[in-house]
Amino acid sequence: MTLQSLDIKRRSATTTPPPNARATLEVSKLIDISKCIGCKACQVACMEWNDLRDTVGRNRGVYDNPADLSAQSWTVMRFAEVEPTPGRLEWLIRKDGCMHCADPGCLKSCPAPGAIIQYSNGIVDFHEEACVGCGYCILGCPFNIPRLSPQDHKVYKCTLCSDRVAVGREPACVKTCPTGAIMFGSREDMLHHAEARIADLKERGFQQAGLYNPPGVGGTHVMYVLQHADRPELYQGLPKDPGISPLVVLWKEIAKTLMSLGLGAVVLGGIFHYLTQGPNEVPEEEEETL
Amino acid sequence: MTNHWVDIKNADLILIMGGNAAEAHPCGFKWVTEAKAHRKARLIVVDPRFTRSAAVADCYAPLRAGTDIAFLGGVINYLLGHDRIHHEYVRNYTDFSFVVKEDFNFVDGLFSGYNPEKRSYVKSSWGYQLGPDGYVVTDPTLQHPRCVYQLMKAHYSRYTPEMVATICGTPQEDFLRICGMIAETAAPDKAMTIMYALGWTQHSQGSQMIRTGAMVQLLLGNIGRAGGGMNALRGHSNIQGLTDLGLLSNLLPGYLTLAGEGEQDYQAYINSRAYKPLRPGQMSYWQNYAKFFVSTMKAWFGDAATADNNWCYHWLPKLDKPYDILQVFEDMQAGKVNGYICQGFNPLASAPCKVKVAGAMAKLKYMVIIDPLATETSEFWQNHGEYNDVDPTRIQTEVFRLPSTCFAEEDGSLVNSGRWLQWHWKGADPPGEAKTDQAIMAGIFLKLRAMYRKDGGAFPDPILNLTWRHRQIEIPTGEELAREFSGMALKDVVDPKDPAKVLVKAGQQVNGFAELRDDGSTACGCWIFSGCWSEKGNLMARRDNSDPYGIGQTLNWAFAWPANRRILYNRASCDPSGKPFDPSRKLIAWNQGTGTWSGSDIPDFNAASPPENGLGPFIMNPEGVARFFAVDKMAEGPFPEHYEPFESPLAVNPLHPHNDRARANPAARVFKGDWETFGAAEQFPHVATTYRLTEHFHFWTKHVALDAILQPEQFVEIGEELAREKGIKSGDSVRVRSKRGFIVAVAVVTKRIRTLEIAAKKVHTVGIPIHWGFMGVARNGYITNTLTPFVGDANTQTPEFKSFLVNIDKV
Numbered sequence: 523m524t525l526q527s528l529d530i531k532r533r534s535a536t537t538t539p540p541p542n543a544r545a546t547l548e549v550s551k552l553i554d555i556s557k558c559i560g561c562k563a564c565q566v567a568c569m570e571w572n573d574l575r576d577t578v579g580r581n582r583g584v585y586d587n588p589a590d591l592s593a594q595s596w597t598v599m600r601f602a603e604v605e606p607t608p609g610r611l612e613w614l615i616r617k618d619g620c621m622h623c624a625d626p627g628c629l630k631s632c633p634a635p636g637a638i639i640q641y642s643n644g645i646v647d648f649h650e651e652a653c654v655g656c657g658y659c660i661l662g663c664p665f666n667i668p669r670l671s672p673q674d675h676k677v678y679k680c681t682l683c684s685d686r687v688a689v690g691r692e693p694a695c696v697k698t699c700p701t702g703a704i705m706f707g708s709r710e711d712m713l714h715h716a717e718a719r720i721a722d723l724k725e726r727g728f729q730q731a732g733l734y735n736p737p738g739v740g741g742t743h744v745m746y747v748l749q750h751a752d753r754p755e756l757y758q759g760l761p762k763d764p765g766i767s768p769l770v771v772l773w774k775e776i777a778k779t780l781m782s783l784g785l786g787a788v789v790l791g792g793i794f795h796y797l798t799q800g801p802n803e804v805p806e807e808e809e810e811t812l
Numbered sequence: 067m068t069n070h071w072v073d074i075k076n077a078d079l080i081l082i083m084g085g086n087a088a089e090a091h092p093c094g095f096k097w098v099t100e101a102k103a104h105r106k107a108r109l110i111v112v113d114p115r116f117t118r119s120a121a122v123a124d125c126y127a128p129l130r131a132g133t134d135i136a137f138l139g140g141v142i143n144y145l146l147g148h149d150r151i152h153h154e155y156v157r158n159y160t161d162f163s164f165v166v167k168e169d170f171n172f173v174d175g176l177f178s179g180y181n182p183e184k185r186s187y188v189k190s191s192w193g194y195q196l197g198p199d200g201y202v203v204t205d206p207t208l209q210h211p212r213c214v215y216q217l218m219k220a221h222y223s224r225y226t227p228e229m230v231a232t233i234c235g236t237p238q239e240d241f242l243r244i245c246g247m248i249a250e251t252a253a254p255d256k257a258m259t260i261m262y263a264l265g266w267t268q269h270s271q272g273s274q275m276i277r278t279g280a281m282v283q284l285l286l287g288n289i290g291r292a293g294g295g296m297n298a299l300r301g302h303s304n305i306q307g308l309t310d311l312g313l314l315s316n317l318l319p320g321y322l323t324l325a326g327e328g329e330q331d332y333q334a335y336i337n338s339r340a341y342k343p344l345r346p347g348q349m350s351y352w353q354n355y356a357k358f359f360v361s362t363m364k365a366w367f368g369d370a371a372t373a374d375n376n377w378c379y380h381w382l383p384k385l386d387k388p389y390d391i392l393q394v395f396e397d398m399q400a401g402k403v404n405g406y407i408c409q410g411f412n413p414l415a416s417a418p419c420k421v422k423v424a425g426a427m428a429k430l431k432y433m434v435i436i437d438p439l440a441t442e443t444s445e446f447w448q449n450h451g452e453y454n455d456v457d458p459t460r461i462q463t464e465v466f467r468l469p470s471t472c473f474a475e476e477d478g479s480l481v482n483s484g485r486w487l488q489w490h491w492k493g494a495d496p497p498g499e500a501k502t503d504q505a506i507m508a509g510i511f512l513k514l515r516a517m518y519r520k521d522g523g524a525f526p527d528p529i530l531n532l533t534w535r536h537r538q539i540e541i542p543t544g545e546e547l548a549r550e551f552s553g554m555a556l557k558d559v560v561d562p563k564d565p566a567k568v569l570v571k572a573g574q575q576v577n578g579f580a581e582l583r584d585d586g587s588t589a590c591g592c593w594i595f596s597g598c599w600s601e602k603g604n605l606m607a608r609r610d611n612s613d614p615y616g617i618g619q620t621l622n623w624a625f626a627w628p629a630n631r632r633i634l635y636n637r638a639s640c641d642p643s644g645k646p647f648d649p650s651r652k653l654i655a656w657n658q659g660t661g662t663w664s665g666s667d668i669p670d671f672n673a674a675s676p677p678e679n680g681l682g683p684f685i686m687n688p689e690g691v692a693r694f695f696a697v698d699k700m701a702e703g704p705f706p707e708h709y710e711p712f713e714s715p716l717a718v719n720p721l722h723p724h725n726d727r728a729r730a731n732p733a734a735r736v737f738k739g740d741w742e743t744f745g746a747a748e749q750f751p752h753v754a755t756t757y758r759l760t761e762h763f764h765f766w767t768k769h770v771a772l773d774a775i776l777q778p779e780q781f782v783e784i785g786e787e788l789a790r791e792k793g794i795k796s797g798d799s800v801r802v803r804s805k806r807g808f809i810v811a812v813a814v815v816t817k818r819i820r821t822l823e824i825a826a827k828k829v830h831t832v833g834i835p836i837h838w839g840f841m842g843v844a845r846n847g848y849i850t851n852t853l854t855p856f857v858g859d860a861n862t863q864t865p866e867f868k869s870f871l872v873n874i875d876k877v
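Those sequence lines, one after another, are chains A and B.
Each residue of the first sequence is one higher than the one before, starting from 523 at the first, in our numbering.
Each residue of the second sequence is one higher than the one before, starting from 67 at the first, in our numbering.
One chain only, chain B, in its complex shape:
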């Protein structure tokens, strides 16, 4: 979230799209009710299904799964066409006036630089024109035909209400009513928030759906504002912490990135990430990249990391390709993976295309499961009748189950969607032989280290030199790890302006990432968490909910990264002169008297930089402003474009009916054998989408009697028209087939799923909750991901769980 849960209450308008907050985040959803109760906020829900969020919405509109870019592109076209944008904001805080390179173009669905063989782009033309001074050329009059504003206006002019209706199936009057409601928040004293979740991320173009939402918010001036923002609602209680700590295969902690195999040179690696400002006087905060990187390496390798050995840069793996979940199972299936350690993860149920995943696991020599539960993955080799029809005698994978604690049985911090690191204390001791994940990992590590010490090995250095300072070496505690993430001074850290002034003494915890250094004098395990455990103690454990400004900015409750800032880009809540756009929801403002920015939040800014300096609010971007034109950051283009899901009921993309390459995301990776596993509309005419129910959490709570009582048995939802066509009644048993397999479930026939008219043909939707499997106390069922396709988003490789094709029949 750019903002945080409590701040939702400050919204005037709430758009839930690509998510279903009432069902998937019922506790956080209370802030929607607060906004409705105290600000008379309106709630809009746009979703293929009339969800429990829609049940309490003021306005609902359906759309076909996977067409959100078309809908939001239509909103952008409406806002630009009707000139309902926040002019002062977009002129000053975005790249509206930036002039784009001459050779950038967009022809029939493809941007310049496309290579169809590699299914990827050469992105050299995706950039701004630079002047002789090295800065971007701008045209403040916005008249230049190649300025971002003009290019964007032309790009989205194709997204007419008619085109939105054709692609999405959303009735035009519903679409236009929603556009009108959204447009009202272009007023400086109005704010809209967008709440989204996996309904946007889990598409082959999921990242671009989110971008399109962010572009709408920028046009309206709703980013950096109380009650505004782009708010990703995270699923697991600590999935935000997972990404923050860099557990994705291409990341280092704090969104530093692993080098590619072409980046063997340390300085070149740093230089390509420490972006120089693209406009005069901008902060371009990533210029500090080396400080964060070196501090990470000092945290990992201690004295072994020195300037002479480039801080052990050469010990880090260099990526030859991404190692996302799809790639790993692709490799596993090809017999290229021997062992798999599976910690807190149930891929047999969670990964797409079960037949491929199960086949891949059967090729492993061993698999280690670290989990509190016996999961489908840990039992993948067992025959469970129709639900897991395998022959155990033909599976030689050795499976080790290491029982771990669950969240309530351990101390530690969880990072919530609003970036708050909240410390928690265990409520019970774990049962039986269960150990904390740290203890299990320590056990594996210490054994490995002993073996490397004794026997040597091809590359023992990173293992032998890994920092391991724990009072009980076999049980690293949450407190010890948290202190390491927050960071400490290894030598005295001095003020660069006054070397006589010591900011932090050697051996002390640092106060924040501003004190980190690139000379090896500081160690910090995750720079964005820096300051969460300073010499003041564990700030994550703070529980002071005083709210002096009355807008839910409880700065002394827990700790928010970065630097305890609650709302990112909060400088953008003020006009260029430093006055809040809406004084009633003031975040920060320039105080001429004190010469600082201050208010209800920690400035996400240089707090001493006066407005006349013209420092932009988007300090992480070298431009200092927000980008509508994503330059070379996205795989499929600088402007989001609607492409059909890989399995679509339409043979062509209505925007590009004559270009087959622009049907589905042209930059999405598809493995060789997987094209054949995609179904066509002739055999599989219905759009399917998978989702969660409020009664269950993933595949865990089917192990809990209370949840199993509330929602005991696998079902699928279909509309009344499809039910009539197929002779299906509510409660009937139905078989749902995709090209990859089938499931059998109870039919729930509902008015809540409408038949949509897409490109002049009727399209039915089949809704498929995910929660069942062959383990647990709920009634056993099929794994929903038997049905889903093995393809992901072009940027993140997040699988396309939300839109694919099926057929359905009564059993």
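Excised from the complex, chain A in its bound form:
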């Protein structure tokens, strides 16, 4: 919201072209799961910076708390106990939250003009004042991130601290991360840094280490370094090959085109009718009875 309107790249349900007089640096957040100690400082930083307070919940037999993303929890740690090699336990801890897709399914599916914005730096932001609470973005998201607030019927998610980034600061979670597991910078720098991290992991025996930057959504502006990039599902269901739901594609790209054509045909038909038949006049006596 605080990023300047000059930096808007895409706006939901809007056909007017975006401004393009200037460009901002494309940014990314890189989450190195092999360095994450699951301390949840990022969750606290997120709650503090964004003035959010989830309810004090319950323990459901796991370390994950709050148990899920919500309108008050824009990021949560997801803990997975797995044995990719039998007998060798690994505790994979993934910071979950918005991936800030280059091709955002939420924005595509949103019918409310300007409720979802993509900035030229890559951040995908929700503008809740324009949100109509339809929940289409939730269906459109391949990562199951946005959450509808039961209080105000608006949808919320991580903003990548667009307000901080707009003034040259890193997101709050990055600032607080004690081990440097969450990095932030230009997309180029992050890709470069990831390469070195992956080389280190391979040298430590993780032959399948790699970057999670799925092409199905055009790449993401939140990327993961994974020890087992060949098996992202190990990390509490990180989708292997995410893409925008075919329903959204069907609705927004095929049906919408057809409907636009249909709507155009109706308008054209109306004009034709007017031109050939003249205005449709109601007799006065009928009008009075109404």
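None of these hints come from the bench; they were simulated from the model.
Be a bit skeptical, because a hint or two may be false.
What the hints assert, rightly or not - Under the rule of at most 25 Å between Cα atoms (straight-line distance), these lysine to any residue pairs were calculated in the SDA-like manner: (1) B/K106 <-> A/P606; (2) B/K106 <-> A/D590; (3) B/K817 <-> A/D590; (4) A/K697 <-> B/H762; (5) B/K357 <-> B/K567; (6) B/K106 <-> A/Q729.
For chain A, the structure is supplied; the task is to place chain B on it using the hints.
Okay, now just chain B, sitting in the frame of chain A:
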């Protein structure tokens, strides 16, 4: 820490054992990630649980809680057996070659001199042989059958990989892999650091666990080295400062010790602490004990402390016994304590065996709580249903709550684990009527002093003569106290070699403890802090992080005790000729040109003593070298030996199956009525261990909404096999019982806690986080220390929170 947090980044190998740095010290843990990133360091975690530290480790191995000496003894056996030790280091810088007294022995689990009735040792045989010159007899060839090397080799030969597996449950291949990794750091250009915390201290043999770790490090030549050391990770932000300032009941500031009741003679008290060198030419720095003691007494009692009255020595209490936390509650329960002032401490939650502690508090006439929070202790008399089921009408203890500031509401210094005194400035004013702890203590003191002045009393002298020089007498400031700790000259202090040369003028702050004197001309509240506030100002407030050598030695950042030295024993980072073992991580080196030791650190040494003088690097020891053989310093023996925890799943110690006296620590104190409160494996078959979670700090942060959101509710962790046996699923409510009580909590069933095979039987572990209670905004829960046993380490009396027995059932 012998080293400091930043120095962890210089390690090639990091062993986290007896601690869980990633969870309990997440900010400091960043230096582990630095070492991994920039030195390709490997991280080993050995722990009963696969912790969040293990989650980022290169190698993890489980062991049964309370068996760390067996594991580390096995490492010592491996290193000696495979001759993977740093020979130059151990020959020159340790007591390897020292010959031990003939009558010292170790038979079936007990050292010579054991008295089973008193559960203690007569330690006269625990020493070195002295020659006619008064110095220790040595055998540099290491062939003498009674030299420390030979005795140690024989002692640990019993700790075979098979025995380690039997006692610890650690699979042999995991153990041997770790031994191999550790052994690599015996190379002069490799360093391993050990990071430990309460996972070692909170055992009935905790001090010896730490010693065993230190012995491994000495064998490898990793003490005094960048990237090496024995690094105790302290819990509270200022718990290091607490011990430094002598707040333990047997200490005076700066690790001076209180006298026992047999020590009524002042000079004898000094002589028994001012150790004479045990080898020729050694420094034996404690020879300066009197300077530090007298300066302390001058700081406390000013003009009233004179040579004629032995500096008020007779005003100090003489201990008839230790007054540790366990002893105090034992006495309180026996009705021998009327009042209790509880400052920044929540013993109802923090001390073991809640039923005993609560019963003891109910016998007090009054209790004063100085704390920012309403703690479980301050509300111990209230009924909180199942979590604190007491009858307030039957508790007559009057409780006073004096709200104090929290750390962010006061100026002052905190000492971190790396011995840095860092000044901090308050971020906010305290709420309501809260006052600083100094103001509260001043209020109590001034009132007491006025009463003594008016009414007299049995022994008014120490109260009436206590130094109290504060601009506002009711509000002593942190600055005033810090200057007092650092010390000042009361008369001109001159150079002993040149009496015409005045080092410090009367009235000025001293530059360090080398300027302290035993003639009453200096006052210093804590000798090891000396120099932190000199005439140059408050050095603790320095914030220059320049790092000229690139190894994290920021000498102008804050102030490290002693004398701003960052890495203790740093002379040992060089070979005997004064050249660094690893020039790429140089701490100090002998510079022939200038005739001094210098480098990236302040020498922990006589900076002008050339290598050929043969001054040893361990200047506090009268030997000048480090001790593998602890002489008479430890309660349970000169060499650490594995004993079972007081509550153990094993009926016998596998090392001494036929000697019941050697089952648990034979020198640990157990109060009379407490033997009956220990459970046996028949009723309580599972090993329990308590610990902290990263989301919470002790019993404080359950008062904070953010932390309560992250970890809202009490839980216990069990392995999948135990869960199957008991029909427990994750999320079920379970009851965990020890012989002392029970708690109810949510079950977390996890692969991270493995069932271990111990002495051919299956042993399950139950993990119990401590953080819950009946106060605060998190969901209320039981006090974990309802379960824990009332017994402590034989040396420190630190309670055995880390290993005891429980049973568990689904509710």
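Please list, smallest to largest, the hint numbers that this structure does not respect.
2
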